[in-house]
Each structure stands twice: as structure tokens, then as C-alpha cells.
Amino acid sequence: MADIINHDVAPPRARRLAAGLASTGTLSGIYFGALGLAFIVFGQDYRVGDLRSMGPGMFPIAGGWLLFFLGSLIVITSRDSERVEPVVWRPLIGVLSAVVAFALLVETIGLAIAGPVLIVGVLIATGQGTMRSAVILSVVLTTVSAIIFPTLLGVPLKVFP
Amino acid sequence: MTRLSKVLILAAAMLAPLAGPVLAQFPEKPITIVVSAQPGGSPDILARIIGQHLSARVGQPVVVENRSGGAGAIANEHVARSPADGYTLLGTADSLGINRTFFPDQVDPFTSFTPVIQAMSSPQVLAVRSDLDIPDLQAFLDRALAAPGATTVAVPGVTTTGNLGSLMLENQSGADFTIAVYPSASPALNDVIGGHVEAIFVTLGPALPHIQSGALRAIAVTTPDRTPSLPDVPTFGEAGYDGMTFTSWQGYFAPAGTPKEIVDYLNAEINAVLETPEAREQLLLNAFDPAGGSAEDLGVLFREGTAFWERIIKENNVQLQN
Amino acid sequence: MWETSLSGLAGGLLVAFEPLNILTCFIGVILGTLVGVLPGVGPVVTISLLLPITFGMAPVTALIMLAGIYYGAQYGGSTTAILLKLPGETAAVMTTLDGNQMAKKGRAGAALGIAATSSFAAGIIGTLAVVLFSPALVAVALSFGPAENVALMVLGLVAAVMVAQGSPLKALAMLVAGIVLGTVGTDISTGVARYHFGITELRDGINFVVVAMGIYGFGEIIANLERPPETSKVTGTIGSVYPTRDDFRQSWAATLRGSFIGASVGFLPGLGASAGAFAAYTAEKKLSSYPEKFGTGVVEGVAAPEAANNAAAQTNFIPLLTLGLPSGAVMALMAGAMMIHGIVPGPAVMTQRPELFWGLIASMFVGNALLLFLNLNLVRVWVRVLAIPYPILFPTILLLCAIGIYSLNNSAFDILIAAVFGLVGYVFIKLKLEPAPLLMGFVLGPMLEENLRRAMLLAQGDASVFLRHPISAGLLAVAAIIVALSVGLPLLAKHRRRAALSTLVD
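Protein chains in written order, with our numbering: chain A, 90 to 250; chain B, 180 to 501; chain C, 46 to 551.
Possibly wrong hints are sitting among the right ones.
[Said to hold, decoys possible] Some chain B residues judged to face chain C by a derived CB distance under 7 Å, without partners named:
(1) Pro218
(2) Ala359
(3) Asn369
(4) Asp370
(5) His375
Hint data in this document are derived by calculation from the structure and do not stem from the laboratory. Ideal Cβ placement from N, Cα and C applies to all residues, glycine included.
Bound-form chain A, shown alone:
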């Protein structure tokens, strides 16, 4: 019986506590709990109603409570969940800001500017490839997209300012 217990499975107590907050289990649970709370709090204005005539608030608030409960349960029951790998900020911020820039530009200035901004921006931000390849790629992609979407498919996409 003794050799059934595998000492490698349970990490030393100290390390487990330290990994506690930054573990996938705990953070997941906190995330769900917070989301649930958000739906409960921001749903206060909506009528809940009764079973016959359920109001707009019933589903989201009930769901919010369920979510909060599940989130708490996850935090409590996650024992040996892994440590979360650290966040690498550069690609995250790079990609998101490039996409946001595209969104803000495409309706105002048009695809011809927004497209290259997205592509060049994301390549710079993530440090991939050379500047030259970025520019070439952005010109090619933007042109091809400008042909496919507005012309071929008829999407009302503004290309030039």
C-alpha cells in the first residue's frame, strides 16, 4: 500500500500556498465570481418578476448568483492547480492597441490608412520581422482586402479618406 502514495504529486506546503493566488484555479474562481457579482450589481434596476411573468432581471441575476457560487466553489476546491504562467505584455498590448487603432480609423479615415496601421503597428509592437517586410505586407494585404471586400463582396467599406 505504501508505494501507492506518490510523493511527487503533492508539492511542499509552502510552495502550494505561494502558488495559491497565482494559480489557475484560484484566479478562474475569482474571475467567475467577479463576473457574477457584476451581473447582479448592474442588474438591480431590472424587474425580476415571478415564475409566471419573469422579468428581464430574473435570468441575469439568477445566473449571476449561480456564477458567484460556482466561482467560490472553484476557488475552494482547486487544490493542485498549476501556477499561471506570467503575462507577456508586449504581444498583448501590441495586438490589442493595433486592433483598436484599426477600429477607430477604418470608419473615419478608411481602409487604406487603417490597414497598414494595423499591420505595421502589430509587427512593430511584437518585434517580428523587419520594417521593410512589414510595409510590403501591409500594402499587399490592404490592396487585396480592398479588392475582395468592397468590390467583390460589396461591403460598404471606406477605403480612401
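Please build the complex by placing chains B and C on the supplied structure of chain A, with the hints as guidance.
Chains B and C only, in chain A's frame:
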């Protein structure tokens, strides 16, 4: 004076009105009709039919742009912000006025748009499942009065005239329905035909094939006179409920400040379209009754209709913040 | 009934094989494939954009082309799902699970090939269902009222939890998270706009495609960029690019089952192809002798959902063609297309315009055959896509996603929402949370709520209505059995193991 010079003078006189700088150039690029509907939806189909014929008349493409969402807010805002040069029009309906009451923080249609023309009107119809023993409106109401809450009516949305009409009918007859709200006409029709709901109060267009096939029995229409598609169905007025008479319409508006000459030109051209047999045939097939008239006519219809619905909404305490 | 069906079909084939109709069918399916491949742009957007082009055509020709776009998109949507874990279509979400895993293991060609052949088989089966069983199926479709829909949704949600990898508790939480996120927007029954925070665009809720693109498109890319470029690429396409005989042997049963499930679900109003794909995947996983391997790259995991979504795409036409009742957004567009061409959808179409009805159905056989040919030949091309260096590939995906999202509703705001979900997707990857249950909850939740409230309203608050209606009761019973088995069997096994261990010790 020679005959030739008389002819030339006559020609010049006829062409003179076109010499106005604005009209000589309009339209010189495509015209866009913005509708708050998905492609295939009623406003979209109407705009495409009208647009097709209008385009042939004015020599420029007429494009339909779909910007659905926000109970019309997205389309309204887009057109309100567009240049008032006649190249962007709003294809809308009586819902423009209804939503003004429901969503006061939206763009105000009274100040943001100027009417161009009413394109069509369409009845709302109250229909019941044909397997139910309800031959007419009175039988329907008797049945509802006998068992409060037992009669179920499907409507295609909270802010639709179907829903508002059902509430009006409750008021005027004293009956108490259970009103089931659906996202649009199709799922509502689905459930009625499938036997899960007893009645439906909806625009005639989507319901017509099913009335004609016998699955549904129409018992009343909201137009002042009987509708050509259903000559045997009495109006609410005939059945004793004058208060249930109203016009559901669709028409076109331009951004406020659009020059009068352009509005008049568009009005004239679309009126002409509404007279052509091909266009009329296409419209009637979709249960659209061609309308027309002047821009002022639409303005009057719009204001009076909006006031009417505002009163109904307040009387029935239809709130969306509940 | 059978005689008229077959004679009608014969007439339809004559129509379908007219050169112009074959040509437009071909154009339609190519466009559909292209559109299915492009992230964000789906059949709804494409059909609506191409409606004007069909004006000059005869009605049947127009419908053939538009229909080709629809079921062609189902073929194309699986391509990006397999190659890039990016579902081009709602229904392709399930294909990402095993399909992408196969690609990562160098079996992209096999996955694409199986997807194409399963889709073809399913397309044929689905079209046969339309030919032979339309009247009966329509009757079933009509009998699904609010109560039955609720039971179906419950079954779907139970299945969604069962399907998930990893901890069921986390999957359940993701599901509920999806459900509450689905409540954002205007509540149908009361007209109240929920959780919109004053933003007009949020009044209509969040589009599923936006969420999927954000989580899978943006999120995955961000996570991939964390690792050095060489490891972000898919390794090698060594060996046979096409599926092996073993693959076919393993998956043909899954294809059949998936087709059957998809065909059954496709004609139910409001559900669409994605529900069929969910159900087929779950069923396959449950019936398999190695369920734990699902999600690691088994062919059945690709064959089943692909078959389901294609079969569903065919039977989706039934309510529209026989009754004039569109069963979803795409069908509503087809109805609109019919009306623009002067045909009023309704029960009369079948009898008054048989050449239209049968011609369209016959063209589905033609279209599916064309798609099989097309997609099998394209496998070689698609597989090359994986060899594109990531620094070129990922900006392309980003741009195509961004434009695709914009084209959904001409809204740049949607791109911003997708960016938010990109962050969310990244967080999910970091926290090792599987997104599929969230997406399923997002789709099924609002339908459940709408139908639940309506069912309760129509039943005057009497909850026993779900048990009094036979179909509803039956579906709920199935759901209960699934839950019981899924919870009970492992417990039973654990008990047995304990007993065995204790005998060992003694």
C-alpha cells in the same frame, strides 16, 4: 416667326426649369437608401423594389444600405449625420414615431429629418388558427371575455403596432389577453400555426400566404377600408371598433435641411415609380398598398400618427423600463 | 408520396442541370467556400450583400446561387477551424476542438479531407431527407413550441458541459458565464435594454461571431506570440496529405450518426446548424470507446460535427420551402430573395412553382458534389497555408478578422468588442479555461430564456407544462439520464476501484 423658331422657343421654355443649378446636376452619383432592417426584411424589400425602378428613371444606381439595430437608432443617427444633399435617404415606417416615445434619447425625427414621400401602407391583421371555432371578431372577444387570460395572442415585438393594437383592443373591449412577444413575425407565425398560440396580430404581408392557404383565419383588419388582398375580411371599424383604425405605413425621409428642389424632385420621381404597373405589381405581391402623395402629406401623416401612438402608449402604460 | 417525390426530383434535376444553373451553382459554392474561410464574414452577410446581383436572374437560378453560398460556407468554415483554430462559422466551433489538434500533429490534410468527405456524405443525406421526408419533418417542426424548445435547450446545455475537456465545474462556470453574457442587449419579451451602459450598439446585444473572433482569433494570436516564432508554426506536413484508409474506417460511422443528428436538428426553427454540431460531437464522444482522446485529434471529432452542420444546412430549408416559414437568419434572407423575385414563400410554392422547389433541391446534390471536388483539390493548397511563416500569417488573420467583423453590421464598434474578447480569450488561455462551453452558453442561453419565459407565460405559470407535453418530457428525460450516467458512472467506477484496492491489501 418660322415654325422652327417656335418649336425652339417652346423647347427652351420646357427645358427652362431644368436649368436650375441644383437639379441640373442631381443625381450625379449613386443614391443610398438606409434601412433599419436586415436584407429580406420588409423595409429592405420595399427599398429594393422602389430603388430598382427609381434607378432606371434617374440614371444613377440606388443602393440599399442595411444598418439594423438599436430600434432604428443606428440607421437614424447615420442618416441624420449625413450631408443634406439628397444622396442619403432614410427608409422608415410608422415605427419612427412610435420609437420616439419609447426611446426619447434617440435622434429626434421631427427635427432631424424632412419627409420625402409615403411609399406604401399596409394593414395590420388579427388572425386566429383556423382549427379554432372562431368565425369572427365578436366570437373572439366573447371567448376572451369569458375566460380572462386564457386567450393567447402572438405579436412580433413590444414596440410594434401588433402589440400596441392588442393592448388597444383589450382596452376597448374589456377583454384580457395573454400577449406573447416574439422577436419578429416568422417565429410568431410558427407558433400560431403549430398550435401553441391561438391568435396573432401582425402586418398582413408575412401572414397572407398562411391566410390564403387556410392555416389562419383573418378576422379583422385595421385599415379604414377593406384591403384588396382580403376582400371578405371586415375592418375593425365595420365590426364596431372604430378606435382600432390606424394606418401602418412606410416612407422615405431626407436629412433636415435638404434643399426643397431635391425633395420635390425625389417626390415626383418616386410618385412616378408608384404609378408604373410593374412596380405596383411587385408591391401588391408583398401586400404593400402603393401610396404616394406629396412630401407634406407624409409630414402630416407622420405627426398625427406619432401623436396617436404617443397617446395609446401613455394610456396603456407601456413602459420599457420595467 | 414517394412517386411524386421522385418524379418531382426528376423534373428538378432537369432544371438543375441547365448550363446556367450549374454555372451559378458553381459560383455560389465557390463564393460560399471563400466566405466560409474568411473569418467573420459568413453566409448571412454574403447572401445579403449579393442579393442585388441576383436581380437579373431567373428566380430559381438566383436561389440556387444563394443556397450554394449557404451550404458552401459550411464547407469553408471548417477550413480555418482546422488550420487556425478559428471557427469561420458558428457551427465550426466544434470542429476546432479535434480538427486543430490534428493539424498541430501534422495531419492537417487528413483533417481537411475527412471534413470534406463527411460534409459531402452529410449533404447528400440531408438533401435526401428534404426530398423524402419534408412533409413529416415539417409537422414535427411545428409541434415544437416554447416548452419543447426549452427542453431541447436544456438538453443542449447539459451536452455542452459533458463535452468539455477538463474540470466539469469549470466548464459549468464557463457555460453560465456564456449565458449571462448572452443577456446583454434588448430583452425580447419586455423590450428592456439590459447591461448596455448607455451604448447604443450594445442595445442589440453582442454578436456571436464577434465573441468567437475575439476569443479564438485575437486571443489565440496574442498567446501564440508569447512563444518564439518558430514554435508558433505548425510542424510539418510530412507523409500523405490526404486521409488514410484507417481514417475512413474509423470515421464513417461518426459521419452517418452526425448526418442523422444534423438533419434532425436542422429543420427545427431557430436552432440552426451549430446545435446539430454540438449534439453530434457530444454523442460521438459518449459512444466512443476512447472518449478521453476527444480533443486531442481524433478523426471522429472532425467527422461528426462536420457531417452534422452540413446535413443541418440542407434540412434548414424545409420549413421555408414547404411552409414559407424561415427557420433562421439565412432562411429569412432566402425568403426575402424569393419575395424580391416575385415569389411569395408559402405552402403554395411547392405546388404552384414545382420547378423552383425541385430545381433548388436538385441543385443541392449538384452543389455538394462540386464542393467535394473543390475542397479535396484545395486541401493541398490549404495545407501550404500552414507553412507560411507566422510573422506573415498572423497580421493577415488579424486584418481579415477585423474587416470581417466590421462587415457584419457595418460597425467599427464590433471590432472594439472583439478586442475586449481578445483580452478575455487571452485570459482564458492563461487560466487554462476551455472557451467552447462559454460560446455554447452564449448561443443557447438567450434561446432558453426567451422560450422559458414564453412557455411559462402561455402556461399561466404552471411549471408542469414541461412534463405534460410529451416531446418536452422526453427530451428532459434524456437530459436527466445523461446527467445521471455522467455523474453516476464515474462514482460507480471509483467505488469499484476502492473495493478492488481493499481486496488487494487484504
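Each hint tested on the structure:
1. For the restraint placing proline 218 of chain B at the interface with chain C, the shortest Cβ-Cβ distance is roughly 3 Å, inside the 7 Å limit, so the hint holds.
2. Checking alanine 359 of chain B against chain C: minimum C-beta separation of about 5 Å stays under 7 Å; hint holds.
3. About 5 Å separates the beta-carbon of asparagine 369 of chain B from the nearest beta-carbon of chain C, less than 7 Å, and the hint is met.
4. Nearest Cβ of chain C to the Cβ of aspartate 370 of chain B: about 6 Å, under the 7 Å cut. The hint holds.
5. At a threshold of 7 Å, the smallest CB-CB gap from histidine 375 of chain B to chain C is about 3 Å, leaving the interface hint in force.
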